[in-house]
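Each chain, written out:
Number of protein chains: 2
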Amino acid sequence: MAHAPAADQRFILDHIVDFAGLAGTDRFRDATPDVTAAILTEAARLCDEVVAPVNRDGDLHPARLENGVLRSSPGFDRAYRGIAEGGWVGVSAAVEYGGMGLPHTLATCVNEMLAGACLSLQLKPLLSQGQIEALEHHASDDLKALYLPKLISGEWSGTMNLTEPQAGSDVGALRCRAEPDGDGTYRVTGQKIFITWGDSDLVPNVCHLVLARLPDAAPGTKGISLFLVPKFLPDEGGNPGVANSLRVVSLEHKLGIHGSPTCVMEFQGAKGWLVDAPGKGMAAMFTMMNNARLGVGMQGVGVAEAALQKAVAFAAERVQGKTPDGSPGIIGHADVRRMLAEARAEVFSARVIGLACARAIDMATATGDGDCRARAALLTPIAKAYGTDIGIRVADLGVQVHGGMGFIEETGAAQYLRDARITAIYEGTNGIQAMDLVGRKLADGGEAALRLIAEIESDAAEARAHLPDLAGEVWQSAENLREATEALLAMDLNDRFAGAVPYLHGFALVLGGHAHLRAALADAARLPLARVMIRRLLPGHAPLLAVAREGASGLYDVGPELLGA
Amino acid sequence: MAHAPAADQRFILDHIVDFAGLAGTDRFRDATPDVTAAILTEAARLCDEVVAPVNRDGDLHPARLENGVLRSSPGFDRAYRGIAEGGWVGVSAAVEYGGMGLPHTLATCVNEMLAGACLSLQLKPLLSQGQIEALEHHASDDLKALYLPKLISGEWSGTMNLTEPQAGSDVGALRCRAEPDGDGTYRVTGQKIFITWGDSDLVPNVCHLVLARLPDAAPGTKGISLFLVPKFLPDEGGNPGVANSLRVVSLEHKLGIHGSPTCVMEFQGAKGWLVDAPGKGMAAMFTMMNNARLGVGMQGVGVAEAALQKAVAFAAERVQGKTPDGSPGIIGHADVRRMLAEARAEVFSARVIGLACARAIDMATATGDGDCRARAALLTPIAKAYGTDIGIRVADLGVQVHGGMGFIEETGAAQYLRDARITAIYEGTNGIQAMDLVGRKLADGGEAALRLIAEIESDAAEARAHLPDLAGEVWQSAENLREATEALLAMDLNDRFAGAVPYLHGFALVLGGHAHLRAALADAARLPLARVMIRRLLPGHAPLLAVAREGASGLYDVGPELLGA
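Keeping their order, the protein sequence lines are chains H and D.
Residues in the first sequence are numbered consecutively from 77, following the numbering used here.
Residues in the second sequence are numbered consecutively from 77, following the numbering used here.
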């Protein structure tokens with residue numbers, strides 16, 4: 077049985093991302109070592125004992141719609157109550173409304189564990205957290221007072237309604253509309269698709285954040301406003317009252333995350349409340365989306381962890397032929413060991429990147445420092461895309477390690493692969509993340525990126541005294557990244573876009589090499605894993621960064637005919 | 077709707093793998109340009125019109141067991157009859173028994189097309205072909221006369237029974253036993269798992285080739301013999317008579333290829349006939365397995381082709397935002413174009429490797445030349461592992477290009493990914509293939525590998541006059557491969573095994589670069605695709621080959637604790 081990776085997270089907080097510095101700020105002074113330990117230990121226990129056991133049931137018995145009523149997978153009710161009652165929805169939410177007020181870094185640790193335990197169920201509190209954050213920053217005090225306590229306690233849950241059939245990556249193409257009702261509320265009308273947990277029988281009310289256009293709104297993203305549209309209109313006591321004019325039209329039949337209902341929603345003049353000013357919908361949504369992107373990156377890490385643990389356990393037990401090191405199991409075969417060691421190295425890298433991003437978000441919150449904000453913004457697309465790439469890759473490797481058994485659904489290895497696959501798509505595809513990285517996130521003239529690279533070079537230079545070979549390779553990779561970054565800055569945007577994905581992946585490898593170097597310096601027992609990362613995986617950065625500098629023209633020469641259209 | 081890649085195959089036969097040289101041999105003199113064109117055209121028509129239309133039904137309505145009777149997916153009956161009646165099971169089978177006697181290269185083209193049309197159904201004739209080949213080489217004349225015509229016509233079908241629960245990659249651990257019955261036949265007893273198309277309602281008889289041990293047989297692979305065990309014992313007229321003592325115990329519930337029944341088989345003293353001499357079972361099975369490995373590699377290529385065509389079609393239609401080149405569809409976005417162009421380049425590379433392998437098999441058959449035999453043996457694991465890796469990677473990319481729709485099963489993109497996933501596992505996992513490459517296939521002191529590398533260097537040197545940049549990069553990559561090969565030859569076996577997978581992948585990239593260089597020389601219109609392969613993908617060979625030289629020791633330093641066990 078899998079165990080939540082609290083110990084590895086703790087090591088990273090203590091030795092790699094300077095959590096102590098964060099806990100030293102006034103804003104996060106409650107995040108003492110004792111509190112941190114308690115949070116990680118208790119969340120891990122919940123995940124191992126309550127949440128993970130329902131993961132397979134969610135896959136086998138998908139959420140379904142019975143006469144318009146949503147029925148969750150068996151066991152999800154109890155597991156969700158465990159999450160809500162433990163206060164895990166509101167780890168980083170405002171104390172004023174019932175949250176724990178702890179750093180987002182700790183919420184990120186908890187979210188990773190929950191995702192590894194049951195991705196389908198974890199999506200529900202993750203979306204509530206996004207909504208909580210959007211309301212904290214953008215809603216009126218009345219809306220906050222009414223909704224935040226219910227969302228933070230997990231009594232109600234939240235959704236995000238962006239996508240429409242013609243508006244996926246291009247959110248600006250959405251057509252859903254909202255008309256003022258004369259009493260300060262609005263009537264929201266339109267269809268939304270891919271709405272995760274768009275309905276739920278685990279809670280008495282579901283609160284939808286819906287992007288829509290007011291009459292005469294500007295075209296594109298500037299004309300988009302955000303509305304809070306509850307399933308049931310709260311009565312005077314704040315309890316679910318009259319049903320709102322909205323419904324789940326249907327559920328999607330998906331490759332994975334069967335336990336998470338993906339809804340087609342129809343809003344038929346549903347009553348809604350404007351959040352923030354008219355036309356500010358995208359800005360508000362981005363508040364929610366940035367943290368959601370990190371959250372999705374950590375979903376990848378969580379699933380990778382679970383899949384890897386399963387593969388390691390199988391490889392230790394499965395006997396096939398004699399092994400060179402005398403292990404009874406196939407874990408002793410060099411190629412199996414290679415797969416597992418490389419996967420373990422990359423899971424660690426991705427976890428560090430995610431937690432470094434979370435820590436930067438928290439430091440920006442605590443200090444208002446612009447550099448921290450820029451660091452968080454820079455790391456977000458990397459954490460999302462690399463974390464989810466690793467999630468899929470390690471889950472895929474888990475299938476491979478299981479051999480023929482990996483293809484049999486009862487084994488459970490394939491579920492991780494099917495579940496993880498969506499994470500590279502939702503919350504902005506990984507291609508969109510990469511374009512964000514080379515576009516918006518380099519729009520500061522590369523300042524944030526080059527500052528991070530300089531830090532890596534400085535760390536690596538210092539480490540030369542202790543680990544000369546590994547430090548030298550990390551230093552050189554950072555230098556290559558600096559050169560590639562400068563080359564990209566000199567290119568026009570579409571040429572950058574052509575190399576965005578390899579650039580992001582190369583960037584992540586350099587960050588991973590740096591993370592492992594620091595880990596090995598902090599704990600010599602981690603040196604073998606650092607060697608795997610730096611000597612076996614990090615070298616892949618060179619061709620990736622070289623390709624990133626190729627520009628777009630060669631690609632457009634490959635026309636539809638050559639593509640086989 | 078997908079179209080079978082007959083034109084691309086034809087280009088490769090005409091310009092890359094010297095099919096004309098093969099058709100110039102006495103053995104294959106019937107493979108004239110007209111015959112070749114007719115074979116490719118007719119097979120493509122069958123695939124597009126008859127076979128591809130049942131692919132989705134196979135996924136939605138898996139084969140099932142009703143009171144012990146197997147029921148195939150809807151539509152498979154008609155599609156299978158199309159394959160059998162067209163003679164497509166026996167393209168390369170002996171004319172004497174009803175086959176077309178054409179090169180295996182053409183059978184390989186047909187098999188790729190069938191796999192792209194419907195992988196689940198294509199497995200059935202593919203396994204019959206393996207059995208036909210094993211019987212042609214190893215069976216008595218009586219067995220040949222009785223079984224080959226029925227198998228070649230597709231009237232009956234064949235299976236391979238190797239795996240047992242404790243004997244997967246380690247075939248030598250199998251326990252199934254066979255006892256002489258006194259009349260020259262044997263009684264076969266034991267359980268076999270993962271038996272593809274272990275039963276079928278599409279044919280009146282199913283012929284099992286079963287690996288088992290005779291009494292007092294040596295342990296390990298030397299004590300294994302091969303038996304032909306039909307579902308129904310042929311009567312005096314050669315028609316299915318009395319039922320044999322065997323049954324399908326259950327069908328597996330799998331990630332993909334739902335239309336292909338994967339059976340647990342039980343042999344309860346079933347009557348069988350010895351094929352070849354006692355203890356020669358593995359040798360006979362390898363006859364079958366080598367070609368099956370190439371066949372599986374081409375399954376990967378076929379699925380990749382189908383998935384890529386679907387992705388290109390979607391990307392041409394799907395509108396999301398303005399594109400830099402003015403295309404209405406997302407195909408105009410640089411990152412989407414990158415994904416599609418890289419996929420197209422790798423599909424071509426994998427197809428060339430597979431057809432070069434098939435051509436070497438044929439040349440060895442036609443001439444008995446040892447070098448050709450060694451070339452075929454060398455290319456087989458590369459064709460299998462790279463072809464199937466590409467199958468999975470391109471199917472995965474197909475999902476990604478579809479965005480959210482890719483995760484919805486109705487779209488069909490996810491089916492390609494689920495179906496392709498098994499190809500990296502069965503017929504020897506890709507790890508086993510890589511170990512075969514660096515082990516057995518370098519056991520000639522690297523002669524076959526170094527000869528191939530020298531040919532690439534020579535071709536590249538010649539191409540310098542026409543395409544200096546690309547030719548230079550291909551030459552250098554071949555030189556790097558030569559050095560890595562020599563380094564591996566100096567290492568002990570387990571150190572080689574540790575780098576086997578990256579070595580194989582690096583080798584494949586060099587072969588792919590070479591293939592595209594030749595393609596661009598033959599047809600300047602292919603130059604843009606050659607640039608994508610050589611400038612964007614080929615550079616990945618360098619770190620792969622560097623890692624291949626790392627040896628095993630660093631991996632074994634990563635012990636179970638660091639792996640998270």
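The hints are simulated quantities; they were obtained by calculation from the structure and are not laboratory data.
Among these hints, one or two may not hold up.
One copy or any two copies: either way a pair holds, since identical chains are not told apart in the list.
Computed cross-link-like contacts, BS3-like style, restricted to lysine-lysine with a CA-CA straight-line distance of at most 27 Å [to be verified]: (1) 347 to 398; (2) 220 to 398; (3) 356 to 220; (4) 298 to 347; (5) 220 to 347; (6) 398 to 298; (7) 398 to 356.
*Which hints from the list above does the structure break, by number from lowest to highest?*
1 and 2
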